[in-house]
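Asker: Here are the chains, one letter per residue:
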Amino acid sequence: MGSKRVYSICAMCTGRCPIVVDVNGNEVEHIWGNPHLLGGYHLCPRGAAGKALLNDTERPQTPLIRDGERGSGKWKSVSWDEALDYVAEKLKKIIDTYGAKSVVLSDRGGAITEFEKTFIAAIGSPNYFNHHAACSNSIHNAHLSVAGLARNGVTYDYKNCKYLVSFGRNLLESLVTGEAKNVIDMIDNGGKLIQIDVRWNYTAAKADRFFLINPGTDYALALALIHVIIKDSLYDSDFVKRWTVGFEELSNFVKPYTPEFAEKETGIPAAEIVKLAHDVGNAKPSVIFHLGWMTAWYSNDFYLRRAICSLNALLGVYEAKGGLIINKGPAAVGKPLKSLLAQVPKPKDPRFDGCGTKYPHLSGQWGLAQELAHVLLTDDPYPVRAYIVFRHDPLASLPDPDFFRSAFKKLDLLVSIDVNYSETGWFSDVILPEDTYLERTDHVIARNGPKPGYILRQAAVQRRFDTRPRWWIFKELANRLGVGQYFPYNSIEELIAWQLEGTGYKLEDFNEKGYIELVDKPIMWDRTDGLKFKTPSGKIEFISKKLEDAGVPSFIPYEKPIELKPGRFRLVTSKCALHTQGRTTSNNRLLNEYVSENHLYIHEDKAVELGIKEGDLLEVENEGEKQYIKAKLTKYIHPDVVFMLHGFGDDVPLRTRSFGKGASDIRLQKGLAKVAIGGNCPYTECTVSVKKAN
Amino acid sequence: MGKYYIFQDQKRCIGCYACELHCKTKNNAPEGAKLCRIVPTGPQVVKGVPRMHFVFMPCFHCEKPWCVYACPTGAMTKRAKDGIVYVNQDLCVGCKNCITACPWGVPQWNSETGKVMKCDFCMDRIDQGLEPACVTGCTTGALKFVSPSEASQIKREKFAKDISPLKK
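Residue numbers (UniProt numbering), protein chains in the order written: chain L, 1 to 694; chain G, 1 to 168.
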């Protein structure tokens, strides 16, 4: 054990697991999970490998200003004053010429986003957006439309769940420590996991039943489940009567979607679909149909997600033991945190990405990252000339990065604020290097859930290089742009004291357990009268008023996925326990030792047809883009699908461990920077040809 | 006498390699050296679902350790009080005889020191009343640091629960 222990929050992925850091002198000795919250020192391998980030010299060590063409990799190391003055001067000119709305800012999303949101609003721009067009926009917007709740507006009560049905959510590989542990606890307690996916994986390996579904047909399965649940009266009629609107319309809509129909589409036997519907009906309300996380799959994903939300509602799982518990924040117990953002007047201009205007049904809370390239190229609805990208790497996550690169050329200023060199950073004019999560303290965040509270990321050691924390960077930029009054603090300690004013708590109260709990017992709202759904009706809306008002139908008929041309495969991607979105894990010394490149998983029958053997180097092609990757043969993938881990094919030469290794999925995803009806990019509509490389 | 045993609950293990990473960071194992290993085997279809079996391979801390007998310098040592087999770094000359001798490939080559390193159950942690890093950090709590007889008891209890007609 080190000389001191510091409670904090991990940042190796966006799971933000609570951690405790053993520190010896100014070195991190070990990173563990926070035992007070995780029931032990459990922490996933990425979290454990955070130690290798701290002293890694393959991250930006000083502010850098471009000293050559964009993307040339020529940089001038400058002081913080020089870098910030440079950025501020450029921003001033752009704002003077095009207005504040021409400045846009994005981040990776999540809870620790107050500084950047405050900054962009303070300069008068409405244009904050985040990464979720490449991730969970469709479920976020779907859950908002059905239940008035964010994707993460509920807590999954896995431990008490009797039946967990997952449409492709890879819970045990794309994992968050506490969630994976809770799912395993559920299985240990006799709960059933049903995994539905186009490929087998380690989550499927733990499932009670695994269904290999025809790609793009999940919606047919969901509709057939609703059909059986209604037809055989398996739903929670009290809950449906009290808490839903549009049940009759839903019942009529699903009439044609019989199990026999779904069998033809999905390849899952009708009898299995009927059995599943009865199993969840019998287990209700201790049932969870997982909403999904990375749900940027298809053009119609929004309706699949609405159907999944509807299944949860039919079974009455909201606020039920073993179901989905509606999150309560500190405000629910009269102890809200003070917010910097709340002090800023809301900018009046319409958003650049059409949320609320062109797309009246989509939430501007997360925005539409994929629209940026189109807006840059067309100046419609107005010119965007400056882009501040913070802890986000659009050129490593949005489809077709070369399309975005060509659009980014229209920017007068591209600034990257990041711990790592990112693909976007490499193409930027300025890189402002942030302290790692082990070196910085962030603002306090609310822990929303059945037991609301606060939690804090705290510096464990002193910084290694000439980097700075986010609270300082945005305050300094704001000062230079004349809006420093919205950052009324001189240190993070001062800000935290201000945030906690009126709560009765102070910074020192985090010392004991790393978080503060505001209640002793979980707050469970009364299922007869106390539920709060933030929809216009205050109920679950199978028929959504918000959607209908926007001219968007509440239901759309199932359509077959676009037919696969001969010789083509559908490209599907995911993550694993050792590797996440790439830029925090692929060049990490410890993790790179395990997963240094990705492989293409292909069905062994297809491989035989194509003369492909295990380990062969393959050429994967779409619309002229070719990627090279080694083959892995498997029996347990749909023959129409090939699979690779996302986040490889690193273009940044200074990241020597991951540079040039493996294939890039996003480069193959040509033409998919589209806004599907749920606000997501339709990644899984990418098809590729595969052959042995010459 | 060997007092300790690491019990791995297959039902809980998800093959995430957290045990290896916690081991590597705790013991500062350089690239290539893995003091414990998870070896995934499978998939194989059992009752309609392709299943995995993740074999956990720490050092077994043998009662009669091949590596100790093979070590010419006395660096490989069996601790009398609890049977932990460890390398005395001061005495190791990097001859690799222990690597040859161990039937299970447990001793690891440290490319940075030119010596051998191996799983010692995180002896320094045990001496502080803690458990090995692999057990402590395991994502799902699949590993348990127990005595051999406790391991037997855990297995029997699990089996008994599985075959009992009185399910929960």
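A couple of the hints might just be wrong.
Unchecked claim - Straight line, CA to CA, 20 Å or less: simulated DMTMM-like cross-link-like pairs of lysine to aspartate or glutamate:
{"#": "1", "chain 1": "L", "residue 1": "K670", "chain 2": "L", "residue 2": "D402"}
{"#": "2", "chain 1": "L", "residue 1": "K661", "chain 2": "G", "residue 2": "D127"}
{"#": "3", "chain 1": "G", "residue 1": "K155", "chain 2": "L", "residue 2": "E619"}
{"#": "4", "chain 1": "G", "residue 1": "K78", "chain 2": "G", "residue 2": "E131"}
{"#": "5", "chain 1": "G", "residue 1": "K144", "chain 2": "L", "residue 2": "D188"}
{"#": "6", "chain 1": "G", "residue 1": "K47", "chain 2": "L", "residue 2": "D188"}
{"#": "7", "chain 1": "L", "residue 1": "K565", "chain 2": "L", "residue 2": "E508"}
Calculated directly from the structure, the hints in this document are not laboratory data.
For clarity, every value in this text was computed on a predicted model and none was experimentally measured.
Asker: Confirm or reject each hint.
Answerer: So, going through the hints one by one against the coordinates:
{"no.": "1", "hint": "L:K670 <-> L:D402", "result": "9 Å, holds"}
{"no.": "2", "hint": "L:K661 <-> G:D127", "result": "43 Å, violated"}
{"no.": "3", "hint": "G:K155 <-> L:E619", "result": "48 Å, violated"}
{"no.": "4", "hint": "G:K78 <-> G:E131", "result": "19 Å, holds"}
{"no.": "5", "hint": "G:K144 <-> L:D188", "result": "15 Å, holds"}
{"no.": "6", "hint": "G:K47 <-> L:D188", "result": "18 Å, holds"}
{"no.": "7", "hint": "L:K565 <-> L:E508", "result": "62 Å, violated"}
Violated hints, listed in ascending order, are 2, 3, 7; each of the other numbered hints is respected by the structure.
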